[in-house]
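Could you build the full structure based on these sequences and the hints that come with them?
Taken in order, these protein sequences are the chains called A and B.
According to the working numbering, the first sequence is numbered sequentially starting from 1.
According to the working numbering, the second sequence is numbered sequentially starting from 1.
Think of the hints as simulated: they come from the structure by calculation, not from any bench.
Do not take every clue at face value.
Think about it this way: if two alpha-carbon atoms lie no more than 35 Å apart in a straight line, the pair counts; the simulated DSBU-like pairs of lysine-lysine are [stated by the list, open to error]: (1) Lys162/B - Lys7/A; (2) Lys276/B - Lys98/A; (3) Lys115/B - Lys98/A; (4) Lys99/A - Lys39/B; (5) Lys83/B - Lys283/B; (6) Lys107/B - Lys56/B; (7) Lys107/B - Lys98/A; (8) Lys83/A - Lys115/B; (9) Lys107/B - Lys55/A; (10) Lys83/B - Lys162/B; (11) Lys99/A - Lys107/B; (12) Lys115/B - Lys21/B; (13) Lys99/B - Lys98/A; (14) Lys266/B - Lys80/A; (15) Lys94/A - Lys107/B; (16) Lys99/B - Lys7/A; (17) Lys21/B - Lys80/A; (18) Lys99/B - Lys21/B; (19) Lys99/A - Lys56/B; (20) Lys139/B - Lys83/A; (21) Lys94/A - Lys56/B; (22) Lys83/A - Lys94/A; (23) Lys55/A - Lys162/B; (24) Lys107/B - Lys266/B; (25) Lys83/A - Lys7/A; (26) Lys98/A - Lys266/B; (27) Lys39/B - Lys98/A; (28) Lys7/A - Lys139/B; (29) Lys39/B - Lys162/B; (30) Lys99/A - Lys7/A; (31) Lys99/B - Lys55/A; (32) Lys283/B - Lys94/A; (33) Lys139/B - Lys12/A.
Quick list of simulated restraints, FRET-style, between CB atoms [unchecked claim]: (34) Trp29/A - Ser75/B: 24 to 34 Å; (35) Ile178/B - Thr85/A: 20 to 30 Å; (36) Pro38/A - Pro186/B: 42 to 52 Å; (37) Lys80/A - Gly24/B: 55 to 65 Å; (38) Gln67/A - Ser75/B: 47 to 57 Å; (39) Asn9/A - Pro186/B: 43 to 53 Å; (40) Tyr47/B - Lys80/A: 54 to 64 Å.
Think of the CB as a built atom: it goes at the ideal place given N, C-alpha and C, for glycine as much as any other residue.
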Amino acid sequence: MALDITKDNFQKEVIDSEVPVLLDFWAPWCGPCRMVSPIVDELAEEVSGQAKVGKVNVDEQQELAAQFRVMSIPTLAVLKNGKLTALEVGARDKESIKKLLDL
Amino acid sequence: MFDAIIIGKGPAGISASLYLKRAGFDVLVIGKDGGDLEKTQRIENYYGLERPLSGKELLDRGVAQAQALGIEVRSAEVTAIEKEANFTVRTEQGVSESKTLLLATGKSRIKADIKGLESLRGRGVSFCAVCDGFFYRGKRLGVIGSGAYALSELSELTRFTKEITLFTNGSPLTAQTIPEGLSIVPEPILSIDGTDTVEGVTTIERTIPLDGVFVAMGTAGASDFALKLGVLTNGTDLAVDSDFMTNVAGLYAAGDAIGGFLQIAKAVSDGALAAKSMIRRLKTL
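This is the structure:
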């Protein structure tokens with residue numbers, strides 16, 4: 001299950017994470033995000049233990065969206081050891097998203 | 001409410017419409033023009049053509065065949081598609097709804113060649129007003145385009161900001177409805193400027209500072225709709241399964257829009273097979 005990432009748990013769940021973290025920036029009104037969301041959920045199950053998957057609602061988490069300079073959604077970001085290693089805009093299939101994690 | 005709306009009146013779209021109609025379903029075909037095929041002078045490699053036909057003639061025959069069967073073929077430009085439980089298709093003339101949708105819009109071979117357009121994509125350059133308008137509340141925006149599609153995108157953006165300039169990039173303005181007082185820059189664009197994010201647009205006459213640029217040149221094609229609906233693509237080809245369905249339930253694609261062998265024979269076959277899958281789906285709804 002993908003985690004709901006907010007500015008309050010961002011440090012603990014993302015920056016301090018011992019495994020790579022995939023973040024899915026989305027919003028409820030965003031059509032293409034609705035297509036990415038189930039793919040990301042499936043991936044969360046598949047990579048469980050090796051990586052973490054989180055979702056950032058840009059409507060509610062505008063500070064986080066601004067921090068990642070998200071100007072288009074869906075945007076997918078990967079962080080390893082607190083550092084950004086990949087940032088992609090637009091819908092992707094599961095294999096392509098998995099590649100971003102580079103496990 | 002139609003059972004199926006088909007966007008595109010070329011060989012894939014018309015072929016699909018024939019099968020759907022003959023299976024007893026309500027089908028609407030919407031198409032603006034004949035795309036690439038319309039420009040083809042001589043077709044000699046398609047089944048049954050004793051003498052070569054022009055693309056235009058073959059297209060006209062296809063439309064006439066559909067109409068003879070009682071299928072409505074509407075000449076209109078689709079500016080937006082929305083998906084909730086059903087599909088909503090918008091044109092300048094109005095709105096139609098359907099249970100399934102087939103994208104058979106062909107493939108645009110025109111590539112926008114503006115400096116900064118690709119390099120600043122996702123950094124202030126957007127191709128989807130409904131996805132990204134939110135990030136530009138109260139900001140200064142440019143929309144590049146001159147037709148109904150550009151005005152549809154512009155109208156979506158007015159929910160977020162009033163400061164919008166339309167850049168027609170040297171093309172004549174063809175949209176029918178233009179908001180009063182809209183700021184229009186008609187001359188050709190040299191570049192979209194900015195190092196990290198969009199800072200402005202430079203034309204052959206001036207530089208206009210902007211925070212974002214939305215691109216909506218020409219008519220919206222399959223890949224534009226794909227972007228807005230979250231349809232997965234392989235490059236510019238829409239990705240479909242063996243039933244010609246995209247990852248969006250009920251949304252199918254056929255013909256040049258899904259790539260492969262860009263030939264009439266393949267488009268006709270795609271249309272027939274997509275219709276067969278759509279019929280199967282419609283029977284379960």
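Do the hints match the structure? See the list:
no., hint, verdict
1, Lys162/B - Lys7/A, "30 Å, holds"
2, Lys276/B - Lys98/A, "33 Å, holds"
3, Lys115/B - Lys98/A, "32 Å, holds"
4, Lys99/A - Lys39/B, "41 Å, violated"
5, Lys83/B - Lys283/B, "20 Å, holds"
6, Lys107/B - Lys56/B, "17 Å, holds"
7, Lys107/B - Lys98/A, "29 Å, holds"
8, Lys83/A - Lys115/B, "30 Å, holds"
9, Lys107/B - Lys55/A, "34 Å, holds"
10, Lys83/B - Lys162/B, "27 Å, holds"
11, Lys99/A - Lys107/B, "28 Å, holds"
12, Lys115/B - Lys21/B, "46 Å, violated"
13, Lys99/B - Lys98/A, "33 Å, holds"
14, Lys266/B - Lys80/A, "46 Å, violated"
15, Lys94/A - Lys107/B, "25 Å, holds"
16, Lys99/B - Lys7/A, "40 Å, violated"
17, Lys21/B - Lys80/A, "54 Å, violated"
18, Lys99/B - Lys21/B, "14 Å, holds"
19, Lys99/A - Lys56/B, "45 Å, violated"
20, Lys139/B - Lys83/A, "30 Å, holds"
21, Lys94/A - Lys56/B, "41 Å, violated"
22, Lys83/A - Lys94/A, "22 Å, holds"
23, Lys55/A - Lys162/B, "31 Å, holds"
24, Lys107/B - Lys266/B, "14 Å, holds"
25, Lys83/A - Lys7/A, "16 Å, holds"
26, Lys98/A - Lys266/B, "33 Å, holds"
27, Lys39/B - Lys98/A, "42 Å, violated"
28, Lys7/A - Lys139/B, "25 Å, holds"
29, Lys39/B - Lys162/B, "40 Å, violated"
30, Lys99/A - Lys7/A, "26 Å, holds"
31, Lys99/B - Lys55/A, "31 Å, holds"
32, Lys283/B - Lys94/A, "30 Å, holds"
33, Lys139/B - Lys12/A, "33 Å, holds"
34, Trp29/A - Ser75/B: 24 to 34 Å, "32 Å, holds"
35, Ile178/B - Thr85/A: 20 to 30 Å, "45 Å, violated"
36, Pro38/A - Pro186/B: 42 to 52 Å, "44 Å, holds"
37, Lys80/A - Gly24/B: 55 to 65 Å, "56 Å, holds"
38, Gln67/A - Ser75/B: 47 to 57 Å, "48 Å, holds"
39, Asn9/A - Pro186/B: 43 to 53 Å, "50 Å, holds"
40, Tyr47/B - Lys80/A: 54 to 64 Å, "56 Å, holds"
Going down the numbered hints, you'll see the structure goes against 4, 12, 14, 16, 17, 19, 21, 27, 29, 35, while the others check out.
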